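Here the protein sequences line up with chains A and B, keeping their order.
For the first sequence, this note's numbering gives the first residue as 9, with consecutive numbering after it.
For the second sequence, this note's numbering gives the first residue as 9, with consecutive numbering after it.
FYI, nobody ran anything at the bench for these hints, they're computed from the structure.
Every value quoted in this text rests on a predicted model; they were computed, and no experiment measured them.
Where is the CB? At the ideal position from N, CA and C, for every residue including glycine.
There could be a bad hint or two in this list.
As the list claims (entries may be wrong) - Residues of chain A placed beyond 10 Å of chain B at every Cβ, according to the derived structure:
| # | residue |
| --- | --- |
| 1 | F122 |
| 2 | A357 |
| 3 | G385 |
What the hints assert, rightly or not - Computed footprint of chain B on chain A, listed as stretches where at least three residues anywhere in the stretch have a Cβ under 8 Å from a Cβ of chain B:
| # | segment |
| --- | --- |
| 4 | 13–23 |
| 5 | 52–61 |
| 6 | 85–96 |
| 7 | 134–140 |
| 8 | 293–304 |
| 9 | 336–350 |
| 10 | 389–403 |
There are 2 protein chains.
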Amino acid sequence: MTRFAVPRGMRDLWPEDWAKMAWMSERIMGVLIGYGFKPVEPSKIELLETLEAKSGPSIRDEIYWFEDKAGRALGLRFDLTVGLARMVAGRPDLPLPAKFCAISDMWRYDEPQFARYRHFWQWDAEIFGSERVEADAEAISAGVDVLRAVGIGNFEVRISDRKLAEGFLRAIGIGDPARLGGAMRALDKRGKLSRSEFLGELRSIGLGGDQVEKVLEFVSIRAPIEEGLSEARGLGLKGEMAEEGLRELEGLADALKGFGIGREAVLDLGVVRGLDYYDGIVFEAYDRGGEDIGAIFGGGRYDGLCGAYGRDIPGTGLAGGIERMMLSLERSSLFPRLRSGPLVFVASANDAVRVEAIRMAQRLRALGIPAEFDLKGRSLRGQMEYASSSGIPYALIIGPKELGKGVVRLRDLGARSEEELRVEDCLKKLSDLAGSFARYR
Amino acid sequence: MTRFAVPRGMRDLWPEDWAKMAWMSERIMGVLIGYGFKPVEPSKIELLETLEAKSGPSIRDEIYWFEDKAGRALGLRFDLTVGLARMVAGRPDLPLPAKFCAISDMWRYDEPQFARYRHFWQWDAEIFGSERVEADAEAISAGVDVLRAVGIGNFEVRISDRKLAEGFLRAIGIGDPARLGGAMRALDKRGKLSRSEFLGELRSIGLGGDQVEKVLEFVSIRAPIEEGLSEARGLGLKGEMAEEGLRELEGLADALKGFGIGREAVLDLGVVRGLDYYDGIVFEAYDRGGEDIGAIFGGGRYDGLCGAYGRDIPGTGLAGGIERMMLSLERSSLFPRLRSGPLVFVASANDAVRVEAIRMAQRLRALGIPAEFDLKGRSLRGQMEYASSSGIPYALIIGPKELGKGVVRLRDLGARSEEELRVEDCLKKLSDLAGSFARYR
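With the rest of the complex left out, here is chain A (with noise of 0.2 Å):
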C-alpha cells in the first residue's frame, strides 16, 4: 500500500479484466435487449431523499452520502432499482408496460469481503407496468438466458414470494412489526448461518419452541417449484396473504412452463430477499458449482416502489453481479481467449526508416488491425525486447533494403519464426489473423 493506493474496497480495472467485463457486458446486452428491454443509464448521485423513500433513513448507514457546496444531502445510489423507478415514476406519458435496463456501477458502504466491493457493477432488467406472473417469469427467463449467454449451464433459480412468508409467520402468531421483520431477517441471513446459529436467532427475537419448529419446517421445503408446490400446499397454510402467495407462485410455475423453464425453477421457501422494496415473488439464482459466491442474480416484485416516487405503478425485475459473475467464469475457465493488446509492432531496422514504420502502423489501423510502433527510439533488438515483453504475438519490420524491393519481414514472436513477405501479401494476413482474434466488444 503506496500512499496513493485506491480506497479501501475500491479498485482499478485493468486491461484483462476490463476486457472480461465488455465480453460479459456485451453478452447480458445482448440478451435483455432481446428480451424488449431498452438500456438507460439512471443518474448515479441521487438526493438522498430519494434513496431513503422505500428503505428509510437507516439506508444512510450502508450508502455513501455527503453535503455538497449548497447543502444539499446527497448519496451514491446503492442499486439500479431505486433510479429506475424514480425515472418511470417521473413519466406519466410512458406506455405501460415499460422495460429497462442497465448495465453500470454502485456503491455501497459494506464491509470489504470476498466477491464484494464497495463500488460494484450490476446488470439489471426491470419491467413496470405489469401485475402479471407472466411479468416476473420474463424476468426469471431473461436471467436464465443471461447465465446461458456466458456459459454458466449448472445453476437453480430458488423462488418465494413474501407474501407466503409473512403470510405463514402472521398465521403461526407473529405478527407484530419487530418480530416479523426480525424473522424476515432471520431468513435472509439463513444461508450464512450454522443450524445452531439461525436457532438462537429465531429464539432471540421470542420464538417460542413450537414456532422455531414451524419456521424449520416451512424453510426445508426446497424442490423443482411443482414438487415444491405440493409440498407447500401440505403445510396446511392458512390466512388469505398466505394463500396469495401460493397462488402467485403456481401461476408464476405454469408461466415458466411457456418460457421453456424447467427444473432450474426450484421453491426455496427461505429466500426473502433483504432490500425492503420486495413485496411479492422473489427469486436468486446460484451457480450449483460455486454457492459460496452469493446468489448469481435476484430479484423480484415491489408492487410499492413507483408509489413512494408519486406514481402507483407495479414493477417486477432483476439484477446480477458482475464481479460474481466474473469470479463464477474464472472458475469453470469459461471466459474466451480475450486479446488484450495490438496484434503487431511495427519495428524500423534503423532511424531512417522510422517515419515508414508510423505510415506503416496507419496503414494497418486503416484496416482495422491493432498496431503499435516504437515511441522509445529504441535499437531493433530493442524493440523486439519491448514487443515480446508487452505480449504484442507479431512484428513486422521495416528495413531499407526490404523498403527498396517491396517486401517486409514478419516475425511470429511466439513461435520465434521469421517469413519476408510482400507488402500486400503481409497486409492480407495480417487482416485474417486480426479477425480470427477475440474481440474485446
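The hints should help you fit chain B onto chain A, whose structure is shown.
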C-alpha cells in the same frame, strides 16, 4: 421539478441518448484499440490527497469530496488522466511505453451550463513512458481518427506548447509566479472573452502597455502548423525555455506528417489548457461548425504528473467529452438510425393462445430478434395500440385458426399492411429485418 428530481447538474440517460452514447463509444474504442491503447477503468473514488497531489488543495472547490464513515477524505474523480497516472506510477513492472485508454464518467462541481454537466463522460487515451514528439503526434492522430470515425470531418487541432508560452511570458518580464499564473489563466480563457475583456484581464494582473501589445501579437498567431512556426520564429522569442518549446513543436510538425495529418494541424499560441498538470505540447480540437460547444478533445504532455505519484515517467495523452461530441453529431445529423427497442410484438388473438405468444417470443429471441409480448392481458386491439405507441415496427399475430394451419399474420405497423406467412417464412423475414437494422453496439 418534483421532489424526486435528479440533483442539479445530473441527469438520466433515456434509451435514445443511451443508444447514441453506445454507438459513439464503440466507434471511439475501435480507433483507440487500433492505436494499441488498452482499455482500463481507474477507480472512480480516490483519496482526496491523490486528487490534490498535483492540482493542490484548491481542487477541493471544484470537485465532490467528503469523509467516509472511517474519517477518510475521499473525492469523486474529475478526470481520467490522474487515475491512469496513479495506476502506472504504482506498477514498476509495466513495460514502457504503456498505452491505456478509458471511456467512463466523472464529476465536477461546476455551474451547470450549455453542454456542461456536473456528471459527464469522457473518452481518454494516454501514453506513459515516451518523451518523444512521436508520442504527442500519435495522441493527436488518435484524436483526429476518433473524430473521423464518428463522422466529424470539418475540424482543426490547435496546438501550442506550455514551455513556449511560459518562456515567452518570462522573456517579456512576466516572471513572478502570481503574474505568470494570472497571464496563463488569461490566455486559457481568452476564447470566452471579448477583446476588451481580455485586455482588461491582462491589465488587472499588472501588465504594462508594451507587455500587453506583445501578448496580443503572440496570441494572434494561428495558422497551419508549419506556416505558424515560421511566424513564431519571426517573433524573435528569447530564452532557453521558449526555444525548447519551439523545437518541440517543429519536431511535432514533422512527426504529424508521418501520421498523414495535414492542414487540420494549426499552431495557435493562445492555447495553454487549463488543467495545471500540462508542461509541454498542448492541443485542443474544435468542430469548425460548432465552436460554441468548446473543445471537442484536448490534451498534451504532463512529464511531471507521474512523479507526483512516486515514479518519474513522462506522459502525454488526450481526452474528449462524450456529451459535447453528442451535441456536435446531433447538430450535423451524423447519427445513424439507432433502433431503441424491440423489432416485433407477438400478439395473441385471444386468451387461449397466450402461451403460444410466449413460446413464439422465445423462438424469436433465440434467433437474435428482439421481441415482446403482451404483459397486461390486453385485447388484440389493445395490444396493437401498445405496440404502435411504443414504436415497435412489426406485430406477429397468433390466432387459434392460423395456429392449426402453421401460419401467422405479420403486420407492418408503420405501413399498416398485413400478410399471412408460414411460421418458418415469417421467422426468416424477421431475421433479415433484424440484421438490416442499426444495432446498439
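**Report entry** Structure versus earlier hints, numbers of those that do not hold, lowest first
**Finding:** 3 and 8
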